[in-house]
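Q: Read off the chains here:
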Amino acid sequence: MRRRLSLGTAADALSILVYAFLLAPLIVVVLASFNSADFLSFPPRGFSLRWYRALWESEVWGDSFRLSVLLTAVVTPLSLLIGTLTAYALVRYSFPGKGLVATLVMAPLVMPQIVLGIALLNYFSLLGLIDSLAGLMLGHLVVTLPFTVRLVSISVHNLDPALERAAQSLGATPLQTFWRVTLPLLRPGIVAGAIFAAIISFGELAVTLLIAGARTTTLPLRIFNYTEYNFDPTINAVSTIFVVLALVLIIALDRLIGLVRIG
Amino acid sequence: MSARRRLAAAGLLAPAVVLLLVFFVIPSADLFRLSLAHMDAQRAIHHDLSLVNYRNFATNPYFHRMVWGSVKLTVVVTTLCLLLGYPAAYFMVRVRSTVARTLLYAIVVSPLLISVIVRSYGWVVLLANNGVINGTLVSLGLIERPMRMLGTFGSVIVATVHVLLPFMMLPIASALQSLDTVLERAAQSLGASPWQTFWRVTLPLSMPGVVAGTSLVIALTLGIYITPLLVAGPLQPLFAIGIYYVTLSQLDFPLGAALSFVLLAFTLVVIALAGRLLKTVKGSAA
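So the sequence lines, in the order shown, correspond to chains A and B. Its first residue numbered 1, the first sequence is counted upward by one per residue in this note's numbering. Its first residue numbered 1001, the second sequence is counted upward by one per residue in this note's numbering.
It is worth saying that the hints were derived from the structure and are not from the lab. Treat the hints with care, as some may be off.
Heads up, incomplete: computed chain B residues facing chain A, CB under 10 Å, no partners named [stated by the list, open to error]:
1. A1009
2. G1011
3. P1194
4. F1239
Every value quoted in this text rests on a predicted model; they were computed, and no experiment measured them. Cβ atoms here follow ideal geometry from the backbone N, Cα and C, with glycine treated the same way.
Let the sequences and hints guide you as you build the complete structure.
A: Structure (structure tokens):
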């Protein structure tokens, strides 16, 4: 009995260490953002908001922030629109070649991101889309689409077709049925899809690194450049914004569909 | 009616299909065409349908070192994710308090919502020469001068496990959640020890989650490049970093394209094998 108990305790202790491991780099970055020292120093010198002030006053970080927000604001609704139409068609209709279309839609997820990035780098150089907002937008659309399709599909699966038929038999036109019945019932999947599309687009780097440039330095790309070439504690403050954003979205997702169901 | 429905489906799918054909399928096909070209000493590209880049990959020891590095990383990272992720997922699913369970799920899901650059950067802060770990050890007097951790293979392992652990834990947690605890209690009431119950009941029934998580982590480790690039630089011998280096530093686009397709082939083989294994496992678990 004692041996069994110790086995269970050991597994529990290991688990708690795993959770600490998952949190460690995030906590460290948040703490470091309030450190008053000029360089990465540990233990911290003192509490200060100077890096947040530096961030607020910095023109380059401001430019990157605005670019990333703009990109996310364009990519999210487009990805959601295309994703919702696709999810609805794939769940509700049967037609020849359906399996092929379903595979095509999920394919960007299977492709290693470096390969997708290199493919777009080569293609966009031919089209003159390197270092352009349009290029980034198209790249992010391809990357986010599988996620919006998958999340909206869950809601379409849960939607009883009888409800739509009932609306139509009561005299609603197909368009009215879509706006008044279908869309409201798909809301959880659509909102979850929007959150994931936004978060992926806002934080995307694997493909962005290969197709962006000096004129299109998104927020993640600027963090990458600064970490590689010139260390700047402002990165800690930027990173903290990402962490806080994730916390807010975690709460939203939990309210919306329940965290347990995301996995 | 059927023709009309077919037309409706075509209309709904048109935007996605056009987008993916023009900005995914054609770019991939063109990359394949490029992989059959070759760059001469004057850096001119000849589209001569040669296999010279693939031959280069097969014979050049530099690329063998890269493949070996990626295989080593994949084996170590996947094993660690499995050994750490399974107990942690079990703990999360079985913890009694709902608040604690939601909190643990939040810890596992949150990395997925934070840009990979921020997560990897956190490891730079921890592992740098003047970072948190070295700073603590030096100020405690445990070491005299900072240990070099950034840039080592070990730092790549630690950061990669951190980035990919949620992909292992979530499928396992979801398999454990759908597992009826009555079966475990039945085994125990029939005299099985907790250890026997785990090996004979819990683990086999959660195998679909284990296989799904493992194949996901293998495929993602093979192609990971942002995280190792940040903690270990562009010369670390890893497959995906090699593709990045050959393409962006040496500007040998045809060779980079060929390496990309080799990596893609490896990844597809892993996914296909995992798919087959998953079917077998689900069949025997049912």
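Q: Evaluate each hint against the coordinates.
A: So, going through the hints one by one against the coordinates:
A least Cβ separation of about 4 Å between B/A1009 and chain A falls short of the 10 Å threshold, and the interface hint therefore holds. The restraint placing B/G1011 at the interface with chain A holds, with a minimum CB-CB distance near 8 Å, inside the 10 Å limit. This hint holds: B/P1194 has a C-beta 5 Å from the nearest C-beta of chain A, less than the 10 Å allowed. Restraint check, B/F1239 versus chain A: the minimum CB separation of about 9 Å is within 10 Å; hint holds.
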